[in-house]
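Participant: Read off the chains here:
There are 4 protein chains.
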Amino acid sequence: MSMNTFGHLFRVTTWGESHGPALGATVDGCPPGVEIDEATLQHWLDRRKPGQNKFTTQRREPDEVRILSGLFEGRTTGTPVQLMIENTDQRSKDYGDIAEKFRPGHADITYWQKYGIRDYRGGGRSSARETAARVAAGGLARAALATLAPQIEITGYMVQVGPHGIDRSAMDMTEIENNPFWCPDAKAAEGWADYLDGLRKAGDSVGAVIEVIARGVPSGLGAPIYGKLDTDLAAAAMSINAVKAVEIGEGMASAALRGSENADEIAMGPDGPVYSSNHAGGILGGISTGQDIVLRFAVKPTSSILTERRTITKSGEDTTIITKGRHDPCVGIRAVPVGEAMVACVLLDHLLLHRGQVGENQGQIG
Amino acid sequence: MSMNTFGHLFRVTTWGESHGPALGATVDGCPPGVEIDEATLQHWLDRRKPGQNKFTTQRREPDEVRILSGLFEGRTTGTPVQLMIENTDQRSKDYGDIAEKFRPGHADITYWQKYGIRDYRGGGRSSARETAARVAAGGLARAALATLAPQIEITGYMVQVGPHGIDRSAMDMTEIENNPFWCPDAKAAEGWADYLDGLRKAGDSVGAVIEVIARGVPSGLGAPIYGKLDTDLAAAAMSINAVKAVEIGEGMASAALRGSENADEIAMGPDGPVYSSNHAGGILGGISTGQDIVLRFAVKPTSSILTERRTITKSGEDTTIITKGRHDPCVGIRAVPVGEAMVACVLLDHLLLHRGQVGENQGQIG
Amino acid sequence: MSMNTFGHLFRVTTWGESHGPALGATVDGCPPGVEIDEATLQHWLDRRKPGQNKFTTQRREPDEVRILSGLFEGRTTGTPVQLMIENTDQRSKDYGDIAEKFRPGHADITYWQKYGIRDYRGGGRSSARETAARVAAGGLARAALATLAPQIEITGYMVQVGPHGIDRSAMDMTEIENNPFWCPDAKAAEGWADYLDGLRKAGDSVGAVIEVIARGVPSGLGAPIYGKLDTDLAAAAMSINAVKAVEIGEGMASAALRGSENADEIAMGPDGPVYSSNHAGGILGGISTGQDIVLRFAVKPTSSILTERRTITKSGEDTTIITKGRHDPCVGIRAVPVGEAMVACVLLDHLLLHRGQVGENQGQIG
Amino acid sequence: MSMNTFGHLFRVTTWGESHGPALGATVDGCPPGVEIDEATLQHWLDRRKPGQNKFTTQRREPDEVRILSGLFEGRTTGTPVQLMIENTDQRSKDYGDIAEKFRPGHADITYWQKYGIRDYRGGGRSSARETAARVAAGGLARAALATLAPQIEITGYMVQVGPHGIDRSAMDMTEIENNPFWCPDAKAAEGWADYLDGLRKAGDSVGAVIEVIARGVPSGLGAPIYGKLDTDLAAAAMSINAVKAVEIGEGMASAALRGSENADEIAMGPDGPVYSSNHAGGILGGISTGQDIVLRFAVKPTSSILTERRTITKSGEDTTIITKGRHDPCVGIRAVPVGEAMVACVLLDHLLLHRGQVGENQGQIG
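Residue numbers (our numbering), protein chains in the order written: chain A, 1 to 366; chain B, 1 to 366; chain C, 1 to 366; chain D, 1 to 366.
Some clues are possibly wrong.
[Said to hold, decoys possible] In silico DMTMM-like links for lysine to aspartate or glutamate, alpha-carbon gap of 25 Å or less:
| no. | chain 1 | residue 1 | chain 2 | residue 2 |
| --- | --- | --- | --- | --- |
| 1 | D | 324 | D | 194 |
| 2 | C | 101 | D | 204 |
| 3 | A | 101 | B | 271 |
| 4 | A | 101 | A | 318 |
| 5 | B | 314 | D | 73 |
| 6 | C | 314 | D | 271 |
| 7 | B | 324 | D | 73 |
| 8 | B | 101 | A | 204 |
| 9 | B | 314 | A | 318 |
| 10 | C | 101 | D | 73 |
| 11 | A | 187 | A | 204 |
| 12 | B | 314 | B | 292 |
Since the hints were made in silico from the structure, they are not lab data.
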């Protein structure tokens, strides 16, 4: 991954600022012949759109995506696909007073220190709006996956809001689309609604943990050592703004497990190897096993809250700042479709990479 | 990062199998004029060497590193530096019975499925011995950092073995070199010794959590969006074998924090911005703030334990396996110098990348 | 260089088809703080625009470039700059009859064989219109160069049309802007006008040789071995469609020179080394010497001519084809600004790469 | 391509200086299961070895290649292959007097200016000995090609020495191995022998032109726009030291051709498209057509000749220099196996890249 592009063969470069004319994604390396259209991509973007429910920011962006290249008669040509989303609801005046101040917990100060210039409107390039471009690219990746590996299913959901986790024994994937939190535990979702209502009124915010499962991934994907599948998934997740941790399988809990508990034993099934458990999260030695790939990441609470914070100005004076305007009690919610999009991009990339470096799976068992 | 190379400008490609003739690292992009010699690199390798204490594997490798290129009169030339470590103590016969079986929890099965061929001796390329090459490269990175940014200090240590964490209020960095665990809490180290003794006798193993702190890192390092400093650190850590999770700053705990708790407030000090806290772990928006960079990663327990496990053979038959020979109750211990080495490589890389893309820090405050 | 992106730090990805909605360039890695606006880029594009004179194709494209990101208050932010040019004059009906046929000498057949799908309108992605995007990116590179290395001057011109070369003893750079051929030899330009008039009436075409000189380039640029400055210049030139050869300095003529003739001797001048000649074309061992960098490339004649050619259809039947519509007697003319743009991009890239890998020039002489 | 690595999927990083302990190539991305051994690679190196005939330098290097990794039971594992060649005949004392002086026409001065340090012994990293590593890597590429695309044949030969070209109507490929020049025109070879004898006695040198033909290359290879097959071939050839020009097909002569002459017409044959000619050199739009790929490059004369030249010292004083010791009347001769090796590497790389991005050829004709 380098600067603004990620991926080895399926390469996505996102561009655009929160308050610039537009933002988008240049997708290079999409296999040819994939059927895609703007409506399909729009579907994925709409799941992410702000204003969708009262728990996410009230910015009303139509987020209409256009496909400017790489398409002919409804199918990809193998040439770069340019996806563009024009910015319309920018409300510049909401941000005008932070031209001189650095919002604590945001990238304002570091962008200034690094570049000596920063587009302060809405967080500029560091804004979460950049993730709209990723979701669009993810929609294209999903379309390609549907052609190359239709058995793959990618599902993201929230497992924790603030200190409140779900009850894993009560997980029901069909609940995910039934509440504003992509939560597979209906009861937890109700609790979260009350909790976040309270936070929003208090002008505060909280973090979250998102989990993404990929089913039906063939074994053999991943390019050790530094192009390992888990390495690329971790990097993809960590690159989402506000993410502070990434886990695969048992994650941090692996540390406390014993070897006798942790190793997933193997038996032979009718269609191939069958594992007794999945502590590994579907990846061994950086390569997929064929089991469910389990990725988790933690999003920190937004620092844009309605309480006064101490900070400094560009000229080095102590001051305070209150974020007015839009306020998100839990930015993590919107990260669910983004996490899914990243996983789609990484999996497609690795399907192509494996096919390129090795060809079809080489090693037969049985 | 791609396949076997990581880094943007300071690029390290590791090569070599556990039981091949040699292993090493090709380091491309080291700045010219850096003073380095084999003895200095050897120092870093010796910290990692197996057999160093009774808690790590008893394989007696001298791990002697040679510098085969890129050096002239004791200084780097700017051309690729080839670091080679010859394998001497391979004890092939210890591994012979796993030619046909896949060890659960290891990469045996996935390497077979991906490549259709695998060097089963000692784990081949997936072996932890690959990390010796990284430590050598890290030694070169440290030497370059000493020239370019001598104020940077990188320190790694263990914060948890199995379920037993350190007492952070009792942390004393000078203790790190005083026990076999790189533990900054002397009391915890004693407890760990007993705990691991018990595990070793039981033929079992456990995981660990390693933390690495980098002090004195200038602000402005990191190349958003996909070359973010935390993205590259996460990828570097996740690429170490057996790592299952990565955290920056508060990590997973960020999820439960409120925005009012989490944001690090800023005041102006005599030498620049001063932060009231460091929940961010030294990175905002993917760019360093100048605060301590705090990275943590979890290592799973090794699956090479002395109890019988169920598995299958290459020909698809159910069988069992016991790992004989070397047994490590906690492979995480050896990951401490590896974590430090990775951080050194990533920081040097980003110093060069920032210098290239932007020049010296642009944005003055005050 | 990879697929649709070239450059190491200053990375340009072009996208777009001749008859798609738009085309453009995603420029990543432009240093921050560079002043640029649409009018400045437009200037460079206008030099390339079809319809500018009767010797280039009569397609009337306004070629208006928009800057969609990476800019704030008139200066680059260091984030990706998206340059977009909308296609307006596409005259699809001119191309409709080649949906089934492959034009000889064009990429029609190879795009079909590779991708199994091709946008046949106007050559799709293989069209020369892609070079408009490069010229736009080159305009941005020039702006950055003006900030970083204002003494650099890049000038392109034609030295040969068909079999007719210029008289190098009669070269006058001020003549370049005075004729439709960017020709520094006024007399040769007149001859070319008659020659091409005849060709156009005959419905035929001819090739050309373009030379680009870069003056004031500091010594030390280039990253041996595979990032050599001449390697990257050669690749940049060869990537322009219809280019079939690249030369540096003496080029092909080097083969016939003796060592005693070819080596450029060195003496010490008041400001540094002074060379007695420049057979090397300003590059030794892949690194700039500080002398003029001399690059030449040959453009083949377009195969879109008004005489019938034998070819086949997609279904494998023998047929013939005549290209109707626009016809260019010498496509090489339009390649002059493209060559300049590529040189600008490569030089900027290498300035940044050198600064990143090495810092300021290390080696003093005297 | 970047710094010291070239290739997209089949990636070769060469390392080592002329007088360092060793040199070699780290080859990453070789497909698994390829049969290779040291003897096979040695065969390719022996074709290049100095001292092989009286027309190439008399340095007696055994050039013994060792395979240090990436191999198991005689087949590649898919992990990095480290090829190492130890330097034995270095005769440091031959070079001692140029520690302070810059040899005109060599990279001495530019390496000093760029890096501020240079290994002056034998040209250090800029030495032609680096090409030994490429030839070794090329041997591995050939082995992989033999598995993936056994119909591909790659043949290099000289077409011009100094001003003396071959008679193309007298070309007989079987003559190539019968003379010291890899010349397919026996009569020309005799003339060259006399000519070079004279040059050697005069202490002078001359350049050469090498042509490489690749037959049996499937259509569809190449990744437009910037990963075009001809772009990568041009870069590969230009990266060989002393190369000053690259041509594909008609090359520079394309400029003088008319469109009516140049386009290769197409007819349908029993096995697919058949072309009436091959002015294109087997590549259209950057993608292979299935015709012979024809690459040519010019090597300048070595500047290491036995006549006194004017130059300067590191401290900026005017001086003169005579190259003593080894003297090559035509370094171009040794570039023939290097050109072949580069073509092998690029073709393999593109086979993998095409397979990765697109899969098998998509577009059927007929």
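Participant: For the pair supplied as a hint, residue 101/C and residue 73/D, confirm whether the alpha-carbon distance does not exceed 25 Å.
Facilitator: violated (51 Å)
Participant: For the pair supplied as a hint, residue 101/A and residue 271/B, confirm whether the alpha-carbon distance does not exceed 25 Å.
Facilitator: Cα-Cα ~18 Å, so holds.
Participant: Verify the proposed pairing of residue 187/A with residue 204/A, using a straight-line Cα cut of 25 Å.
Facilitator: holds (23 Å)
Participant: Mind checking the alpha carbons of residue 314/B and residue 292/B for me, to see if they're no more than 25 Å apart?
Facilitator: Roughly 48 Å between the alpha carbons, so the hint for residue 314/B and residue 292/B is violated.
Participant: Taking 25 Å as the top limit, are the C-alpha atoms of residue 314/B and residue 318/A close enough?
Facilitator: Cα-Cα ~67 Å, so violated.
Participant: Taking 25 Å as the top limit, are the C-alpha atoms of residue 314/B and residue 73/D close enough?
Facilitator: Answer holds: residue 314/B to residue 73/D is near 17 Å, not above 25 Å.
Participant: Are the Cα positions of residue 314/C and residue 271/D separated by 25 Å at most?
Facilitator: It holds: about 14 Å lies between the C-alpha atoms, which stays within 25 Å.
Participant: Does residue 204/D sit within 25 Å of residue 101/C, going by the straight-line distance between their CA atoms?
Facilitator: Violated. Residue 101/C to residue 204/D sits at ~55 Å, over the 25 Å cutoff.
Participant: Checking one constraint from the list: CA of residue 324/D to CA of residue 194/D, max 25 Å. Satisfied?
Facilitator: Holds: residue 324/D and residue 194/D sit about 23 Å apart, inside 25 Å.
Participant: Is residue 101/A within 25 Å of residue 318/A, Cα to Cα?
Facilitator: holds (10 Å)
Participant: Holds or violated: residue 101/B and residue 204/A, Cα atoms, limit 25 Å.
Facilitator: Not satisfied, since the Cα-Cα distance of roughly 55 Å exceeds 25 Å.
Participant: Are the Cα positions of residue 324/B and residue 73/D separated by 25 Å at most?
Facilitator: holds (23 Å)
Checked against the numbered hints above, the structure violates hints 2, 8, 9, 10, 12; every other hint is satisfied.
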